[in-house]
Structure formats: structure tokens, C-alpha cells
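S.K.: Construct the entire structure; sequences and hints are all you get.
If you use our numbering, the sequence shown closes out at 557, no skipped numbers anywhere.
You can trust all of the hints, since none of them are fake.
Dumping the calculated DSSO-like pairs for lysine-lysine here, alpha-carbon to alpha-carbon at most 30 Å:
(1) Lys115 with Lys380
(2) Lys483 with Lys472
(3) Lys307 with Lys380
(4) Lys307 with Lys483
(5) Lys75 with Lys116
(6) Lys247 with Lys131
(7) Lys68 with Lys101
(8) Lys278 with Lys540
(9) Lys112 with Lys380
(10) Lys278 with Lys68
(11) Lys115 with Lys68
(12) Lys293 with Lys547
(13) Lys68 with Lys192
(14) Lys380 with Lys75
(15) Lys112 with Lys75
(16) Lys278 with Lys547
(17) Lys116 with Lys101
(18) Lys116 with Lys380
(19) Lys131 with Lys101
(20) Lys115 with Lys192
(21) Lys116 with Lys278
(22) Lys278 with Lys293
(23) Lys540 with Lys115
Label-pair ranges, simulated between beta-carbon atoms:
(24) Pro226 with Ala40: 24 to 34 Å
(25) Pro230 with Glu423: 33 to 43 Å
(26) Gly17 with Gly148: 27 to 37 Å
(27) Lys101 with Asp21: 46 to 56 Å
Since the hints were derived computationally from the structure, they do not count as laboratory data. For every residue, glycine included, the Cβ atom is placed at its ideal position computed from N, Cα and C.
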Amino acid sequence: LDVTLSPNPSLTFRTIGGILDFYLFLGPTPENVVQQYTEAIGRPHMPAYWSLGFHLSRWGYGSLDVLKETADRMKHYDIPYDVQHYDIDYMERRLDFTYDKVNFAGLPEFMKEMKKNGKHNVVILDPFITKDEEPGTYRPYELGQEMGVWINNSDGVTPAVGQAWPPGDSVFPDYTNPRTVEWWTQLCLEFKDVLDYDGIWIDMNEPSNFMRGQYPGCADNEMNNPPYTPSISDRSLAEKTLCPDSKTYLGDHYNTHSLFGWAQTEPTFNVVQQATGKRAFVLSRSTFVGSGKHTAHWLGDNFSQWKDLRRSVVGILEFNLFGIPYIGADICGFNYNTTYELCLRWMQLGSFYPFSRNHNAEGNSVSKQNPAVFGDAFAKISRATLRIRYSLLPYLYTLFYESHVHGGTVVRSLMHEFTSDQETHGIDTAFLWGSAFMIAPVLEEATRSVTVYFPEAEWFDYYTVLPSAWKKNYATVSAPLNKIPLYIRGGYILPQQAPATTTTESRLNPFGLIIALDEQGQASGSLFWDDGDSIDTIEKENYFLAKYTFSKVSGNV
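M.R.: Shown next, in the form of C-alpha cells:
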């Protein structure tokens, strides 16, 4: 099947057969449509408060010493930093459920030290398991073999064998099988005793395979080579994955391929809660309809290019429509070498992604593209912008509460709020947190101003608190290197809190309210607050919810 969107607006479905079920969500507002959609597919999960802090990651630290230097540098510059991610180089030879006891000797102790300092740890796990270790030495494979948890070849008996990160050849767990869920749960629980993780990052779960299909290649039949193939990689359904006629518990891989990551997500979410006793953090590369109920997502392996910076805004907006509001892109870019200015502008924009993580790839010469490696000026600007994020986390957290309970968006386009204003329909360069906070990032190189559209409302400059002179009009606003333009919409009250370098500290700080009046001199808003990481606080009604209103006539909140 492929689906083509046209600006008419129209949709073209091209398919070789099957049943098409259409569900229509009638709104009438864009926010109503998303609420109705998530009522059908499952509401987004409520993230832990700490996970809304800044995340740091890299594929290719190479050793614990380099990682320690990175953490020390962040501390030296006092840059907010809540979460450290550990990519595949922490593993022994890229084997799941291991860690490298040579290059990462002392990792368990380091992770405990991070926790003592109010930070959190997220480990990566891939879905493929090598079958070629010495017998009796690699339990994940041997337990899986014993329990019969793998995706099989078309014969339904022999495991599908491909190639991936670990040495030798790999087999692929079938997460649609309840036995696989048992196997995965057991291994993740045991691994918690080795590395004291707070969350799990599940990658490569399309499932990714470095071959076209498994050994010895895909049979030439109609399932593997249907009469029509959409314009995908090499026009092959098996490219970099498994043959469509492979067998899963729920049926042919042809039918379950898109469900691989989705099926892995819920058991991972459940085991993280079981292992930590706290709210789960799961980050999945592969998603499907309903994934937002159990996972965060990032926009995949992007590039350190200005066009990728710009496109990330579109991706963030889209995933909010898909019911996956906890979304971000790799800040500063994953592939290629970043530059000072690109990374700085990306740190400014990324400070306002719902999921804010700087991540990059092995082998890049700017090997440590975190905000503490470019010198004093860069660190100072990154720190200042992240401190704005941290000060507004009570507002962002409240938006996630509303999304979890009512199913709407956290980040939305101007069109979403000002639907009847035709001018907003083409704007994908600025976005809103909720209804009230506009972010207008610099998205082009060597640019020191931004053209911003101000829809029909009172707008206040976040930095000066002065009302803007523009309404239903474009304006060119100043955006020197040290500033990302930010605006507050009149008629709203935003809760805030004094920032700190971790949410563990910032949550103890004094609160405040930003009250931005509309033309009638009125404003309203709300604050949701709980302990930040206990499971089901909303369902158990163990929280505080304040509704604020202000009227200039009475002068009272």
C-alpha cells in the first residue's frame, strides 16, 4: 500500500488488495480530532518529570573515561543535564545484556554515582541476538532458543538468521509471541541488577537486518515480490529487514512487519516499571498507531545539516498529531560533523523539543558535540536557553498531563490554534507549546533575524515582557546568536519554577506565575503537580491540580 497526499487536499490509496477500514474523526477543531483519534488508539503515556530535562547521548564515547570527562565538562559550565544515554559502545562486543568490562570498567558504579547526583540513566538494547557465541557463554541466546522465541523462516520451524551489530550471525525475537515477552522481561529484570538503569532505549526495531532478507535469501514468490511495491529502499520489501514470508506468532512477517517495534514497546514499558518501581521511560525508533501509549520517539538518524534542523520542526508537529507527543530530534545532528553555529541554533531549538536530547554518531570529528565542548560563549548560551526550558517545565508537564487525560497535542502548529486564519496554514517554521507559548527558531545559517507571523491575539516578548505591536501580521524580529525568539500569548497564565542543573533540584525551587493578559485584561491557566515519577498518580488521584484565573477588574488571581 502507498498513500499519496496532494494539496487539493486529497488522498490517493494505491493497493494490490485487502480491506480498507476508514475511521473518520470529525473534530471540529484540530485539537478535537487528535483527542478523538487518541481515544480510539490509546492516550499518550504520562512521562516522568525527570525525562523532560536535558538528555545527553553519543554513539562512540568509547570509554568510561571519555564519558566522565563529558559529565565533568557539563558540570564545569553548570549546564542543565538530567539524563545520560548509553549507546551500543557500552556493551561487550555489541552483545545485548552485557557491558564492556575493559573500556567501561566501573560503569555500574558510575551509573550509581549519577543517580546520587540527581541524574538518570538510559541504556540501549537492540532486538537481535547473536547465535554464534561459544556454547554455554551467552545466556540471552540459549534461553531464547530453549523458549522458542525467534521469528522463523517460511517453514515456521527454523529461526530466521541475519546479520546485525553483534559478531557472527543473529536471530530475531518475535515480540508478538507471549513466550518472547516472558524471555525479554526476565532478561531486562536480571540486567537491572548489573546496570542500575532508569529507562530503556530500544533501537533498530523495524526489525533492522544488514542484509536483504535472511540466509539464504528470499524465495521468489508473490509474498516476497508482490505485483506492486511502493517506492521504498531498492523497491524490495526485504531490504535491510527479513523476508516477508518469515513466520511470526501472529502470522506472516508481510503482515506483522510494522508491528515489530510496536509489539516490543509495551513489554519494555512494563518491565521498566517492574524493574524500577517508577514510571517508565522507553524510547523506541520504530513506532506504529498507538505507540504513544508506551513510548517516546525520536526522528531517527538525521544529519548535521541546516535542512535537517528545519525539517525537525515538521517532524515534531507531525508526531503530536500521531498521538506521540513525547518526541524530539537528535540535537546538532547524528550523522556528519556539526558546526559551531548549526549546533548552537540546534541547541536553542532543541531546548524546546518535548524530548530534548543531543546525540551524535561514531566517527564524527567533532567527536563530542555536547554543549560543553565549543567554549565559554557557546556553553553560556546553551545554559541560558536550557534554563528557560527548565523554568517552564511545570507548564510543559501540565501539557503532558492534559495530553495523557484528554489526548491532545503538547506541541502544535499555529494553524492548530488559529485555524480560520489562512495565513497560519503554511507555517511550519514556528510552533507552540500548548496554546500559549510560541517558539520562533532561527533555521538558516548566518541569520540574525527571523520573520514571525503573529496571529490575532495579544503577544508578549518572553525576554522583555513587552507587548508586541503586531497582530495578524508578519514582523522581522531580532535574533542574535545568543537568542531564540519566544512569545507568550495574552489570555494565559503559565506556571514556572526557578531552574537548576537537574529536575531533582529544580523541583525543590520556588514557583511563579507568568500572567499575560488578553485585550479584556483577563487570563487563565493551570498547574498539574505530583511527585514526578510514581506510577499511576493520576489514576490514583494522588496529585495537585490548580486552575488559575485573573481579571484586571478585580486584580486578583
